[in-house]
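4 protein chains.
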Amino acid sequence: MINVGIVGGTGYTGVELLRLLVQHPKVRIKTITSRGEAGLPVADLFTNLRGRIDLKFSDPGEAKLNKCDLVFFATPNGIAMQQTEALLQAGVKVIDLAADFRIKDVAVWEKWYGMEHACPHLVAEAVYGLPEINREQVRQARLVANPGCYPTAVQLGFLPLIEAGIVDLDHLIADTKSGVSGAGRKAEVHTLHAEASDNFKAYGVPGHRHLPEISQGLANVAGKPVGLTFVPHLVPMIRGIHATLYAKLTQKVDLQALYEKRYQNEAFVDVLPAGKHPETRSVRGSNLCRIAVHQPQNGNTAVILSVTDNLVKGAAGQAIQNMNILFELPETMGINQIPLLP
Amino acid sequence: MINVGIVGGTGYTGVELLRLLVQHPKVRIKTITSRGEAGLPVADLFTNLRGRIDLKFSDPGEAKLNKCDLVFFATPNGIAMQQTEALLQAGVKVIDLAADFRIKDVAVWEKWYGMEHACPHLVAEAVYGLPEINREQVRQARLVANPGCYPTAVQLGFLPLIEAGIVDLDHLIADTKSGVSGAGRKAEVHTLHAEASDNFKAYGVPGHRHLPEISQGLANVAGKPVGLTFVPHLVPMIRGIHATLYAKLTQKVDLQALYEKRYQNEAFVDVLPAGKHPETRSVRGSNLCRIAVHQPQNGNTAVILSVTDNLVKGAAGQAIQNMNILFELPETMGINQIPLLP
Amino acid sequence: MINVGIVGGTGYTGVELLRLLVQHPKVRIKTITSRGEAGLPVADLFTNLRGRIDLKFSDPGEAKLNKCDLVFFATPNGIAMQQTEALLQAGVKVIDLAADFRIKDVAVWEKWYGMEHACPHLVAEAVYGLPEINREQVRQARLVANPGCYPTAVQLGFLPLIEAGIVDLDHLIADTKSGVSGAGRKAEVHTLHAEASDNFKAYGVPGHRHLPEISQGLANVAGKPVGLTFVPHLVPMIRGIHATLYAKLTQKVDLQALYEKRYQNEAFVDVLPAGKHPETRSVRGSNLCRIAVHQPQNGNTAVILSVTDNLVKGAAGQAIQNMNILFELPETMGINQIPLLP
Amino acid sequence: MINVGIVGGTGYTGVELLRLLVQHPKVRIKTITSRGEAGLPVADLFTNLRGRIDLKFSDPGEAKLNKCDLVFFATPNGIAMQQTEALLQAGVKVIDLAADFRIKDVAVWEKWYGMEHACPHLVAEAVYGLPEINREQVRQARLVANPGCYPTAVQLGFLPLIEAGIVDLDHLIADTKSGVSGAGRKAEVHTLHAEASDNFKAYGVPGHRHLPEISQGLANVAGKPVGLTFVPHLVPMIRGIHATLYAKLTQKVDLQALYEKRYQNEAFVDVLPAGKHPETRSVRGSNLCRIAVHQPQNGNTAVILSVTDNLVKGAAGQAIQNMNILFELPETMGINQIPLLP
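Chains as they are written, first to last, in my numbering: chain U, 3 to 344; chain C, 3 to 344; chain F, 3 to 344; chain W, 3 to 344.
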């Protein structure tokens, strides 16, 4: 059994980690910390867990995280970077669901996240935990930077095109849409039901933190910088990411075959038959990414549609997928739930 | 392994049965029929099942249902009653998720359902499959009438009060609210998103088919007829039933203790601590019924709040619970999923 | 022209007052105050008003409210009671959309609202602004206590029954449902889209502040105290109140005729034909209350369905209706919009 | 007064036309036809109109449309083309809200709409009723082809860029999102609340009927063909279009100034301040189009955000705007409602 600790489990990523870990056959949750909710039974906060977990939130100062085999950080940005070094030295593996270790260029990170990095030397060591690209590196890692929700859907969507070298890398467009849970479980006006329901808007068009993360990932695959326009939108739904990706084709290729071949051995990437459109509910509550490939009017623009559940493949599920890899368990163990539809 | 057949699996009850049965460790789904969709791969219709089920819908005339150990009817009302007798004679057990066998008084059934009953002699044999009341009879049954969604939430809510004989049976009120999936996967204007979203209304106040079913169930427990006012409402959500029940207390009783005691051994009924209010999402995707008990201002009106997922405990999940009982499996096998929240 | 001031216009009641007043032919909005947003153009906060209002929010200390003919308080509870006396002395009329002057028994008010009342002597003078009951008193008033959203829908629903003296006053039940805007434009977790959407729950069953307000109103009509059980619920929609009311009939009466007669001269109360069910969207954005009357199975329980838009007839629209009465304008002036459907 | 007839008023476009026309000071609605609902009072179907309209739906065969000054077709595609000629000959003006007269190339129309055109000779005469481009031609017209919902939002968004000749016309991208009312008031499974709620998907990526309409409009402005990739998506909201437009800039230009200048005299196009993001609810129920202009990271990709209410500026409101122009009324008459927010 893997002894797991969770730091900061009071957000949506936290409750989703708990839902999945509670059912995982090889995990024992040892501790879950929250400064604000210390002492509160977890199942009082997250009523879906009543009867399934007995833990209370612990004070971060008192939790014995260094006795764990693995610690997940489900915290705001800037927390994991302060505690990771001590944990690694104690022999604990770390998966950070926040952004602290995602960007290799520390100056870029500091610009977009507006703070000084507390342990830049660990940034180089951290493995970016997108298993469909970095599976082997994850296997060897002590520290995994779990990807962001948009970056997962966008990178998995663009990946075969870029690996194949068949698109104009200077003009990639990612028009992305997210459910409201992507904004977290924070008391804010703009995500109130009365504000976000029956409404649709773009946000962050001048610049969003996931832009440098995606650009870095795509550039790594391409072997050179890419030009990406990234526009996120807020959808009046709870869970789900839909990325609509546009790229100019520079060669004639059977796109459908390309995608099917690339992902044929991936348990969590499903390439739909030609002509289909994935919908977010077809992955709700699951660790799947479903992708469809289009080339409208047989023109030279490829249109890729990629959907995930932002809390699962975009966060907690992918973190557990990384855990399974780290601990040499079957990659689908405990995260093979069938999506909930309707 | 139990060899299972499903008749009529193209509705929401059907897809939910499939989601749960596919994951059930003791079930092999042999056939699923649909007159309209015969030949279509199930996973083409229900994209959440892609990669998890290889079956196609079969023509009802060609499906070998009598080779199954158990057949679920997930059909409109009036179908099961035409096919059940032959199946029982072939030694197949039957669980009907529709209403054909729920009402013992055939004349009452015919009045509310507007058709003649095709096999009234089987109505008497059928066991009403609310395990929290009829577990032992279910164990012996060949034919189980799976309860309706409202009746499940309402009966579980009223049950302890009526068993204890402490309320005025002439003036029970059930103000109930259902998500839109309760209306089924049928092309109708009134349940379109543009009609049902951002809206709330009552319906069927002059009379709803679940009224005689609930009245029968409560009368069975009370040992005499009850006076029930039943008002259903349509909620702009996908899944969930919320029953708000009112009864006039005729004695002083510790209601909280009464409910906790009544349900202490029930795996799927969760009595919340005093003062709490259950929410439908706390049971989303699960077979749970969560109940809270109130006595506002210490007056003589008991207010009981009871929530379920109409597609699980109100339909497919309860049907599998009944299957587990019929086949002497652990009652929670395969239906112990943690609710999806948020 | 009526010179109008608004205190505290940054909530949903505020924006709705502005939407309606901007279009009112006899109103000039002189000032709108907000401590937190002073200096901000109103149309920057409420983008629906771009191009329709030039005002900025003023600092409350600098707004010349006593130069107005009328001041609306669209503030949290406890603010109006501190400023009303000075305004009245300056000859300004006041309509309070909060609860400060709604409850005549100051001790009861202080218990439910958890604060000491700042000007109990004005409570007696204040007129409860439900025009369908108190139209004549409103006409004479200096200070109007605008009713709460639930109290408007519930009182208009029960009124004919109680005036007619045909129901058991000891066992009235109001099962009420509200859209999320009723909770206000406040950053809180429980009303986030990811929490309140695709969900349904009751709240405040042990006690809600609208209970004493409704009880007072009904008792005034009845001439004696009433026994009311009041259970509010939160609906995943933006606007709308649906009250489902239950009363035990003590006499045989033609309920449909009773309601039609009672409201035949009321511009804003619409009694539906027998057998119908009102829906909240049929009043969305309008000052209407639509009511349907049922007597299921011809039993002795009357079921009344009453719907309003909580921000219009339940708040801003009714306040303007009261203004029209106070200033001897046609009662429907400026608030005669047709509901938005779908 | 303008005597108006409406053909086919039982859809969402119909009820929205009625809501607006009932309040229009210069309009008298003489007749509204529906084959299916003949004899039914309009307000029984559309309960928001109770008390505001006395008409019943007429049988199309008996309606005296040729006595009207103007007839609106709010019908499915293919109806108006059969009746328009007779009406024009009787001196009646016609505004078609369907697509029969939008596409000048009849062969293209027949390919996309799958039927033979009944009166190709009138196609040339018809004026495409986007007043911000064709106001003068509309003024002279007998027959107005009212634009589609997506085409309105997309063309108004791209227009200044194309008029200015500063973008690569071969690679325009319109990623568009629509509320569910855009699919009409038709009983279909895919737009049920239980299907479309809490979900997001693209559709019609291989080809959508609005593609040739938009391409034609943009080509007219450009003076040559354009290359457009058009991807529509379905949003779980009732009303609203959000177009996110991408174009490669070929010159350096102050985009904000360009847009503000282009639309400075347009009553219904609102260019937001730099850096803002329009939201669909900011135009809900109104005839406005709000536009924001971005140039992320000062790169060479322009990102234009354009929102409308698909039933108003995208259909009924624009039709009335065209009517006002045709009959030399102030262009904003009767369609100057303030958006409903929240």
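If you're looking for bench data, these hints aren't it; they were derived computationally from the structure.
A quick note: this is a predicted structure, and the numbers were derived from the prediction, not measured.
One should not assume that every hint holds.
Pairs count within a copy or across copies, as identical chains cannot be separated in the list.
DSS-like mimics (lysine-lysine), calculated; alpha carbons at most 25 angstroms apart, straight line [claimed, not checked]:
1) 69 <-> 58
2) 69 <-> 278
3) 113 <-> 28
4) 250 <-> 28
5) 263 <-> 113
6) 226 <-> 250
7) 106 <-> 58
8) 254 <-> 58
9) 58 <-> 250
10) 58 <-> 113
11) 106 <-> 188
12) 263 <-> 226
13) 254 <-> 28
14) 188 <-> 58
15) 69 <-> 28
16) 188 <-> 263
17) 113 <-> 278
18) 278 <-> 28
19) 69 <-> 254
20) 188 <-> 226
21) 263 <-> 28
22) 58 <-> 278
23) 66 <-> 250
24) 263 <-> 250
25) 66 <-> 113
26) 69 <-> 226
Structure-based check of each hint:
Taking the closest pair of Cα atoms, residue 69 and residue 58 come within 25 angstroms of each other only inside a single copy of the chain (18 angstroms); across copies the shortest separation is 50 angstroms, beyond that limit. In this assembly of identical chains, residue 69 and residue 278 lie within 25 angstroms of each other by CA distance neither inside one copy nor across copies; the values are 48 angstroms within and 36 angstroms between. Taking identical chains as interchangeable, the C-alpha atoms of residue 113 and residue 28 are never at most 25 angstroms apart, the minima being 40 angstroms within one chain and 53 angstroms between chains. In this homomeric assembly, residue 250 and residue 28 never come within 25 angstroms of each other (Cα to Cα): the closest approach is 45 angstroms inside a single copy and 50 angstroms across copies.
For a Cα distance limit of 25 angstroms, the shortest separation of residue 263 from residue 113 qualifies neither inside one copy, at 38 angstroms, nor across copies, at 35 angstroms. Taking the shortest alpha-carbon separations for residue 226 and residue 250, both the intra-copy value of 17 angstroms and the inter-copy value of 21 angstroms come in at or below 25 angstroms. Taking identical chains as interchangeable, the C-alpha atoms of residue 106 and residue 58 are never at most 25 angstroms apart, the minima being 36 angstroms within one chain and 46 angstroms between chains. In this homomeric assembly, residue 254 and residue 58 never come within 25 angstroms of each other (Cα to Cα): the closest approach is 58 angstroms inside a single copy and 35 angstroms across copies.
When the C-alpha separation of residue 58 and residue 250 is checked against a cutoff of 25 angstroms, the pair qualifies neither within a copy, at 52 angstroms, nor between copies, at 38 angstroms. Taking the closest pair of Cα atoms, residue 58 and residue 113 never come within 25 angstroms of each other, the shortest separation being 37 angstroms inside a single copy and 34 angstroms across copies. Taking identical chains as interchangeable, the C-alpha atoms of residue 106 and residue 188 are never at most 25 angstroms apart, the minima being 28 angstroms within one chain and 39 angstroms between chains. Taking the closest pair of Cα atoms, residue 263 and residue 226 come within 25 angstroms of each other only inside a single copy of the chain (24 angstroms); across copies the shortest separation is 40 angstroms, beyond that limit.
Neither within a single protomer nor between protomers do residue 254 and residue 28 lie at most 25 angstroms apart by alpha-carbon distance, with minima of 47 angstroms and 49 angstroms respectively. Only within a single protomer do residue 188 and residue 58 lie at most 25 angstroms apart by alpha-carbon distance; the minimum there is 21 angstroms, versus 29 angstroms between protomers. For the identical chains of this complex, residue 69 and residue 28 are intra-copy neighbours only, at 17 angstroms inside a copy versus 38 angstroms across copies, given an alpha-carbon limit of 25 angstroms. Taking the shortest Cα distances, residue 188 and residue 263 never come within 25 angstroms of each other, neither inside one copy (41 angstroms) nor across copies (38 angstroms).
In this assembly of identical chains, the alpha carbons of residue 113 and residue 278 lie at most 25 angstroms apart only when taken from different copies (22 angstroms versus 40 angstroms within one copy). Neither within a single protomer nor between protomers do residue 278 and residue 28 lie at most 25 angstroms apart by alpha-carbon distance, with minima of 37 angstroms and 34 angstroms respectively. Proximity of residue 69 to residue 254 under the C-alpha cut-off of 25 angstroms is found in neither arrangement, the shortest distances being 55 angstroms within a copy and 52 angstroms between copies. Taking the shortest alpha-carbon separations for residue 188 and residue 226, neither the intra-copy value of 38 angstroms nor the inter-copy value of 46 angstroms comes in at or below 25 angstroms.
Taking the shortest Cα distances, residue 263 and residue 28 never come within 25 angstroms of each other, neither inside one copy (32 angstroms) nor across copies (34 angstroms). Only between protomers do residue 58 and residue 278 lie at most 25 angstroms apart by alpha-carbon distance; the minimum there is 19 angstroms, versus 45 angstroms within a single protomer. In this assembly of identical chains, the alpha carbons of residue 66 and residue 250 never lie at most 25 angstroms apart, being 52 angstroms within a copy and 52 angstroms across copies at closest. Taking the shortest Cα distances, residue 263 and residue 250 sit within 25 angstroms of each other inside one copy (21 angstroms), while across copies they are farther apart (32 angstroms).
Proximity of residue 66 to residue 113 under the C-alpha cut-off of 25 angstroms is found in neither arrangement, the shortest distances being 33 angstroms within a copy and 46 angstroms between copies. Taking the closest pair of Cα atoms, residue 69 and residue 226 never come within 25 angstroms of each other, the shortest separation being 42 angstroms inside a single copy and 61 angstroms across copies.
Going down the numbered hints, you'll see the structure goes against 2, 3, 4, 5, 7, 8, 9, 10, 11, 13, 16, 18, 19, 20, 21, 23, 25, 26, while the others check out.
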